[in-house]
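Peer 1: These are the residues of each chain, in order.
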Amino acid sequence: MKNNNAHVIGVNGNMVKVAFEGTLSKNEVGYIHVGTSRLKGEVIRVNGSEASMQVFEMTGSIAVGDEVEFSSELLSVELGPGLLTQIYDGLQNPLPDLAAQCGFFLQRGVYLDPIPSKDWEFTPVVKVGDRLRPADAVGTVMEGIFTHRIMVPFSFEDEDWTVTHIVEKGVYNVRSEVARLKSAKGVERSLTMVFSWPVKKAIKCYRERLRPDETLVTKIRIIDTFLPIAKGGTYCVPGPFGAGKTVLQHMTSRNADVDIVIIAACGERAGEVVEVLKEFPELTDPKTGKSLMERTIIICNTSSMPVAAREASVYTAVTMAEYYRQMGLNVLLLADSTSRWAQAMREMSGRLEEIPGEEAFPASLESVIASFYERAGKVRLRDGKIASVTIGGTVSPAGGNFEEPVTQATLKVVGAFHGLSRERSDARKYPAIDPLSSWSKYKGIADEKKVSYARSILFRGSEINQMMKVVGEEGTSVEDYITYQKSELLDSVYLQQNSFDPVDSAVEVTRQLYCFDLLYSILKAKLELADKKEVRAFFNQVRQSFLDLNNSAFKSEAFMALEASIRELAASKQGRA
Amino acid sequence: MQKVYTKIESIVGNVITVRAQGVRYNDLAMVGKSLANVIKLDGELVSLQVFAGAQGISTTDEVRFLGYPMKVSYSENLLGRVFNGSGKPMDNGPELDENLIEIGGPSVNPAKRIIPRNMIRTGIPMIDVFNTLVESQKLPIFSVSGEPYNQLLARIAMQAEVDLIVLGGMGLKYDDYLYFKDTLKESGAMDRTIMFIHTASDPTVECTMIPDLALAVAERFALDGKKVLVLLTDMTNFCDALKEMAITMEQVPSNRGYPGDLYSSLASRYEKAVDFEGAGSVTILGVTTMPGDDVTHPVPDNTGYITEGQYYLKGGRIEPFGSLSRLKQQVNKDTREDHRALMDGMIKLYAAYKESVEKKSMGFMMSEWDNKLLDYGKLFEARLMDLSVNIPLEDALDEGWEILASCFEPNETGLKSDLIVKFWPRTEE
Ligand SMILES: Nc1ncnc2c1ncn2[C@@H]1O[C@H](COP(=O)(O)OP(=O)(O)OP(=O)(O)O)[C@@H](O)[C@H]1O
Ligand SMILES: [Mg+2]
Chain A
0 MKNNNAHVIG
10 VNGNMVKVAF
20 EGTLSKNEVG
30 YIHVGTSRLK
40 GEVIRVNGSE
50 ASMQVFEMTG
60 SIAVGDEVEF
70 SSELLSVELG
80 PGLLTQIYDG
90 LQNPLPDLAA
100 QCGFFLQRGV
110 YLDPIPSKDW
120 EFTPVVKVGD
130 RLRPADAVGT
140 VMEGIFTHRI
150 MVPFSFEDED
160 WTVTHIVEKG
170 VYNVRSEVAR
180 LKSAKGVERS
190 LTMVFSWPVK
200 KAIKCYRERL
210 RPDETLVTKI
220 RIIDTFLPIA
230 KGGTYCVPGP
240 FGAGKTVLQH
250 MTSRNADVDI
260 VIIAACGERA
270 GEVVEVLKEF
280 PELTDPKTGK
290 SLMERTIIIC
300 NTSSMPVAAR
310 EASVYTAVTM
320 AEYYRQMGLN
330 VLLLADSTSR
340 WAQAMREMSG
350 RLEEIPGEEA
360 FPASLESVIA
370 SFYERAGKVR
380 LRDGKIASVT
390 IGGTVSPAGG
400 NFEEPVTQAT
410 LKVVGAFHGL
420 SRERSDARKY
430 PAIDPLSSWS
440 KYKGIADEKK
450 VSYARSILFR
460 GSEINQMMKV
470 VGEEGTSVED
480 YITYQKSELL
490 DSVYLQQNSF
500 DPVDSAVEVT
510 RQLYCFDLLY
520 SILKAKLELA
530 DKKEVRAFFN
540 QVRQSFLDLN
550 NSAFKSEAFM
560 ALEASIRELA
570 ASKQGRA
Chain B
0 MQKVYTKIES
10 IVGNVITVRA
20 QGVRYNDLAM
30 VGKSLANVIK
40 LDGELVSLQV
50 FAGAQGISTT
60 DEVRFLGYPM
70 KVSYSENLLG
80 RVFNGSGKPM
90 DNGPELDENL
100 IEIGGPSVNP
110 AKRIIPRNMI
120 RTGIPMIDVF
130 NTLVESQKLP
140 IFSVSGEPYN
150 QLLARIAMQA
160 EVDLIVLGGM
170 GLKYDDYLYF
180 KDTLKESGAM
190 DRTIMFIHTA
200 SDPTVECTMI
210 PDLALAVAER
220 FALDGKKVLV
230 LLTDMTNFCD
240 ALKEMAITME
250 QVPSNRGYPG
260 DLYSSLASRY
270 EKAVDFEGAG
280 SVTILGVTTM
290 PGDDVTHPVP
300 DNTGYITEGQ
310 YYLKGGRIEP
320 FGSLSRLKQQ
330 VNKDTREDHR
340 ALMDGMIKLY
350 AAYKESVEKK
360 SMGFMMSEWD
370 NKLLDYGKLF
380 EARLMDLSVN
390 IPLEDALDEG
400 WEILASCFEP
410 NETGLKSDLI
420 VKFWPRTEE
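Sequence order for the protein chains is A and B. Residue numbers for the first sequence follow numbering that gives the first Met the number 0, so the first one is 0 and each next one is one higher. Residue numbers for the second sequence follow numbering that gives the first Met the number 0, so the first one is 0 and each next one is one higher.
Worth double-checking, as some hints may not be accurate.
What the hints assert, rightly or not - Restraint ranges, calculated between C-beta atoms of paired labels, are given here:
| # | chain 1 | residue 1 | chain 2 | residue 2 | range |
| --- | --- | --- | --- | --- | --- |
| 1 | B | Leu-65 | A | Gln-106 | 22 to 30 Å |
| 2 | B | Glu-43 | A | Thr-22 | 23 to 31 Å |
| 3 | B | Thr-5 | A | Glu-68 | 56 to 64 Å |
| 4 | B | Glu-249 | A | Asn-400 | 21 to 29 Å |
Since the hints were made in silico from the structure, they are not lab data. For every residue, glycine included, the Cβ atom is placed at its ideal position computed from N, Cα and C.
So that you can see chain B by itself, here it is in the shape it has in the complex:
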């Protein structure tokens, strides 16, 4: 039964209100030519957010309720295709409507989860050594506009051994969209990629649909045994779209205009990252740009509280401070026995180096120890932090010992004696 209503009571922002009966919360409707979904029921008053935006909608436009919530087609036919935030093709390919699945489905029962156990190798020492990426992890790149975050995202995606890549673009610059498309094509990965793209010029409401579309599809492929990597860029645009909706709905903002449920909204998406026992997995790598490079801004702040760490990309490098992989300890105990200790030790020394740099910049005399640290910091940055370095984990660990040995005496490093005996490079005499 599809009821049609032709009297729209109000149009505010992208939200319209009609009087209707028997409508269910969250269900879809067609408003003119656009999809819309029910976001509030109040007696007979039904509020809908219009995906394509409410511009040009008139009070006598048709509202036709479809009687089901938002769905997306799921099949192998998705591979290599590009869709927008309403799930419509953007690549001149055919529309897909077979095997529809619901988006924004229930969360995985925590009792069914397993402890993540597989390292994803990227060849980037700042990731592999210091903040190991793990299958089923949810992890954003924190950055500011102008930094090569999309390049980093693409590089990790190309290098990671996954079965499938799902790219969710939100407020993506058209150039960036083309960059992803070209990079994927060149590396031959396009036929195992699915894209849901909202570009900067597309309607706001569609932006809010992208993560759910991408994750619903990813989840199903994972259940069917695939290792899926979901790339979400830029989640800050997603949050800004939510903010716009909340303001339209006159919700009381909690912090800098963002709605009070921002944390829950983000969590319900990021928590889709999972490793299914006996099937595949969903790993989420996102981008969160920080307005004003301020990590305490509500978007990066809420994100940091949800994700399993973050890579802090600044000045074209992944910064050791501010970057964190919370799952690293699940895998770095089984890589090489010196991995953990070296990782901690080198970062502690790098922190000390930063202090010496500060002292130096204030014009203080550098002690012998300061000078050692300064040498160390330079080597560390050049030989491990530089993003052009592309070496396997084991080589990077060896490199770490070399750097330490060329700067310090063993007992200055704070490393355990048994490791020093085993790994400290011997000086040829």
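Next up, chain A with everything else stripped away, as it sits in the complex:
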């Protein structure tokens, strides 16, 4: 610790003003001494010999004159084997360990080692004399189902480092030395399996960035078929409260076809995190046969936890995502909700008495949001492997109105937009993604021509529905009425999906395509139905069978029977095309 001879000169909420001497950098971490505890904070503004710190804890009992000690380090996280399965707060404090030590309540000023002090079987992949660069591996350990590369810290000078010592294959503690490296200038440094990295800086140790051109399968029909997301892409889910953002993210976190999922619960309800952390260990990942928890990290800074740590939490999460990307893995980061993060920035900005932008958000809001989503990406690593970080964020717009700064800033930078509508969620049409206004720039799983035909039925159906509201059903032709019923069918048996049904909640690609084709044949069919009553009866029957089919195991007897009955029914009303 350096001596800045610093002390508190003011307190306003979680913003503390400090007078200091000597040098200090922005985003440097400091600790305020209050009684016997040390409260962590981050310098967010320096003005002459005064610094403003956002404090990551409740600030009660701080007094003018209290000593402040600075660390010379930027706000950082520790990276190394053992991150998976963990539950951290926004500053990477391991919450279960904290609970073991402090009981029911969070206790301020307690900071525990984020990476468990564990032994790992280390296999070296270099020998003395080899030349390495930052992010090159010196060895590997098996972290659950993944080969975890132990790398040259990203913070090392980007130049050649020569291996001067490497341990033999064997079991070592995560913090014991596994290698020593020497730079051209003769600086020698020791490596353990752990190193740290400042969270607000993107990790860029890759050869090139690639276009996100591979669909990231979520097993949610409306997404994979109609509004796909991509590995290395970004997307956002804005929606009013209760529309289903969190449920959608939870479904995605279970079923997404990626290696690792990082859940950042940012300023939302603690109870929702509990559901994940109690259920995931019990659920098996069909891909690996292991518990879902083995591929998951939870960063949880819930709404009643200190707001400054909330601001940090999304960065903590994305830094871990980038770290695992360096191992050649596909990582999905789900942030719920980015609006709470933006609000944390707003609170800070207000206390700094900055000139406010729209709705009192800081003027820098757009650029901060943009640079966060920029940390997603599909990359080719230096060893040629392809890896990705995908970011999906929920947005909680005030009043459910998308014309607000956070939603608008986010829409400018993401590759897909899944807008949830109050109308659909009120009608229990889940997932309540509005199929008409949502969009995606990515490639989906199904044939594009068929998808766009199905989409045209949706649009046409909605138009007809609008028209019917004006001219009434009696003023609508049978033909239009059939189109309308087709769009309703598509909505109720394909776009809607029951998250709580064991079969329907997750639909594999093959099944999606199979059912989409079946549905497509009906959408395409030229149906000969005499009047609206017959139309309605026909579609009721098809819908009923299709819903039952959605709840039956793929290609089971029941499934095949239902499929046959749907086809028969359609054929019986099929006119000559």
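Put chain B with the ligands on the given structure of chain A with help from the hints.
Peer 2: Just chain B with the ligands, lined up with the frame of chain A:
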């Protein structure tokens, strides 16, 4: 060491500023006869908000720092008592100062929480069937003035099987305060009730203290194994008091004058709802009145983003749209196998009914299907939505099937065939 200062530098709204040293953030002081707490430190300038309001405070009044933050007494002696927002008795009973506990304490470690698992039965079908209330839930009633929200609150409190009721009243009309008191007395629940009451005529700052006082006490009782139900009415008054304070402090408002940290302020209170493993629980039922019946107003809007659903009380009924219990799926899987499907199916049909009503009001011809829906909607409203209906969940589910069967063919309901086979009422032939 209690230092006394006698030079008040400024008095703005309910906030006074003195020059003092060694004062800690959030600590209490006596200003004249009122409590006050430190809300800002700037060098030697200490800003305090005065609980009883700053009216009549003069620049030479005594400011005596107490050296500790706001506390409340915690013991069995609280039962049956009524206090104000400074924690002082309102019922002529003795002042309590034993076993003081801090208010606004730290939040529960998420890793220590458990998944809520106990349904709270209310006998109200719109709650039990469609939006089940769950122990440890935080859930407000969204309403407008004139609606019987306090009656609903009291009814649920009486009917719910809890050990203890803590009532936090904010800006409460005196009549409403008396209503709660009488209702609790009549039902014999008063001796397991604690009240923290701020009435409409009490000082604003005290209003902001009510939730913290009520929740601190509730939390301790829960840790001691009690199932506690906290009633907070009306949280909109609480938010308006925060707004007033923020404006006094010249904070930049974010939305319609409300401070940018409104979300965090509300969340830190509502998140006190918890089920302690191996001990008791805190369930929070609030009232949020919506100015202009506008759910996008910052208060209901921020609340909705925090709580685990809401009951939307309108026209004396809990509306199916806008009402939501987010914890229902934790418990409705274990009630009866048809519960979930029936709940969704009936609401979908009710939504369709609303469309038909709209069509009808525009003078369109009603199709056969529309007419079926119209019959259905009427029955649904009369036999399930009406607040006078008071039946157990199972009876309400049976009632639901009866209503469906009297209006529709099975395949018109969108319900799964296996449930229809099992539950569709047989017609006697
Ligand atoms: N796919 C779904 N299937 C069934 N029910 C759903 C689905 N999505 C949401 N719901 C219902 O809606 C409720 C609210 O959903 P959720 O918590 O995801 O909303 P949210 O958009 O995250 O709201 P907030 O912004 O307040 O956090 C859930 O508790 C559940 O009852
Ligand atoms: Mg949510």
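Peer 1: Of all the hints given earlier, name the ones this structure violates by number, lowest first.
Peer 2: As far as the earlier hints go, only 3 is violated by this structure.
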